[in-house]
Amino acid sequence: MIVDVNVNLSRWPFRRLPCDEMPKLLEKLAASGVTQAWVGSFDGLFHKDIGGVNARLADECSRQRPGLLIPFGSVNPKLPDWQEDVRRVHEDYHMPGIRLHPNYHGYRLDDPVFGELCASAERRGLIVQLVLRMEDPRTQHPLMPVPDVAPEPLADLVAARPNLRLVLLNATRTLSGDVLDRLMAAGNVYCEIAMLEGVGGISNLLSIVPLDRVLFGSHFPFFHLEAAVLKLRESELTPQQTEAVSRKNAERLTTIPNPSFGSHSG
Amino acid sequence: MWTAVLVTNQPLNRELKLKMPFSDCKTSRREMLSRTGRAAAVAAVSSGLRPLWAEQPSSQAAEDAVWDMHGHLAGASGTPEQRISQFLKYADRMGIERLIVFMGYPFSTDPSPEEVRRQNDQVLQAVAHSGGRAFGFVYLNPKQTEESLRELDRCVRDGPMLGVKLWTALRCHEKALDPIVERAVELKAPILQHTWLKATGNLPGESTPDDLAELAARHPKAPFIAAHVGGDWERGIRSIRGTTNVTAEICGSDPTAGVVEMAVRELGAERVMYGSDFGGRSFASQLAKVYGADVPEAAKRLILGGNIRRMLGEILAAKAVKP
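Line by line, the protein sequences give chains D and X.
Take the first sequence: its letter number 9 is residue 75 in the working numbering, and every next letter is one higher.
Take the second sequence: its letter number 286 is residue 548 in the working numbering, and every next letter is one higher.
By construction, these hints were calculated from the structure, which means they are not laboratory data.
Relax, there's no trap hidden among the hints.
Pairs of lysine to aspartate or glutamate residues, derived as DMTMM-like cross-links and limited to a Cα-Cα distance of at most 25 Å, are as follows:
1) Lys90/D <-> Glu496/X
2) Lys584/X <-> Glu532/X
3) Lys460/X <-> Asp202/D
4) Lys483/X <-> Glu409/X
5) Lys90/D <-> Glu559/X
Bound-form chain D, shown alone (with noise of 0.2 Å):
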């Protein structure tokens, strides 16, 4: 059983991708042994109307079996009225937490509407999935970069928010060094391995962050789904730490009642 926190609904802006339909996406889920998979949408890249994005989020994974598909709404505090999608999320839609992307949404982490939202978050126990690359930014259309978001004000926010709970996706091509240290050091901050790459990438991770911290995500389907699931195998990992990546330890952050776990979500 597979745990996988990074997959996306929807449509990728820029391409179609060979799995971007339900049916096929959950082929693929089911044939690579991934038994629950937290996803946002696509659509909260661009699109304005946020509410809709996340009506469409629940809706469709309300209909799949419950506990397989589990909504992060999306939420963008730049647009006006922002904290009613937070409401709507945890209260309308009982969604476990939120999806951000703030370089596609354009602000900083040192802006203070992020830490708002982080609190908003904290307040009412919602997880927050902060997405720190969907791609390579060599490869981004030309008329589209968008860069990474810079994780250095991260360590300060969190250390301020104890009972915050943050998954940073897509975020160790980009995290290292001492700002990586000081994050793992500061609060409940976890990352996933989409984006890991070396020869026995898993192992190396776990040289520098605890085995708690790290999750099982894909990033699928914009990259392939295998190619987490084959890292598994790269890495000679324990069968404890096979377990604790790939499933316990993101059961182990969502121990906090949620009413999305496990039941319907919509």
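Given the coordinates of chain D, assemble chain X onto it according to the supplied hints.
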């Protein structure tokens, strides 16, 4: 599915540890092929794919064996011998039989003749220690024509290397490359040229797939490999599409879904090659581009090794090396 992974994973690991010590690589070729075939099968099973090499006889496994077209000694630690041993250990875990290696360490984008020679010596050391499982391509700086020709003779004509690696010293459409290409053709040595099309801007001497297509058109008898197929593969594949002596090599970029499907559709499976760009990249992420692609299994076999063996066939035969 996951239960199967956990059950099959550990016995395989134990078997490899017990029977195939990577430090000396004394295991027979037949045994090694059989085991790497099984490792690949388990890797494929773990990813939910139908295994390509499951429980096949070793002769069949040899035909279908995975060869990695693109790797470096950087990304590991220690001597060249220690580095290749580390990479072979991971290759075994991923069911990869052979590694093509070029360039030593540290990376140098515009190396002096002395540095070129030193780095090629590192690769020669690694290859000699690999038990026949690693092949070398000679790294050349095409700004240095005469030195490059001498190094080509030293490492390929008179040595065990099989091809040429060109990186970022000089854009490859320049006429300065012509004598090197002509000598490589005489030696039956394929030429692997780094290519990128970076939205953030290429290095001054960094070649694009268009540059390579221009060079390849001047040398229709030379087999070229477009390493990374431009990174921006949707453009890179188009750039080389009409130049049939250029093969797309898919390594060294994120495991973005769709690259192999487009390459097979536009070029044909015979013009697509797997490589990983280890140790900077993961074997896993790059293999996934092929294992996860929606293309026929016969195409996957060509991409994962068949095309490399065909391209290297003449020079391997000339050196009396059986693939």
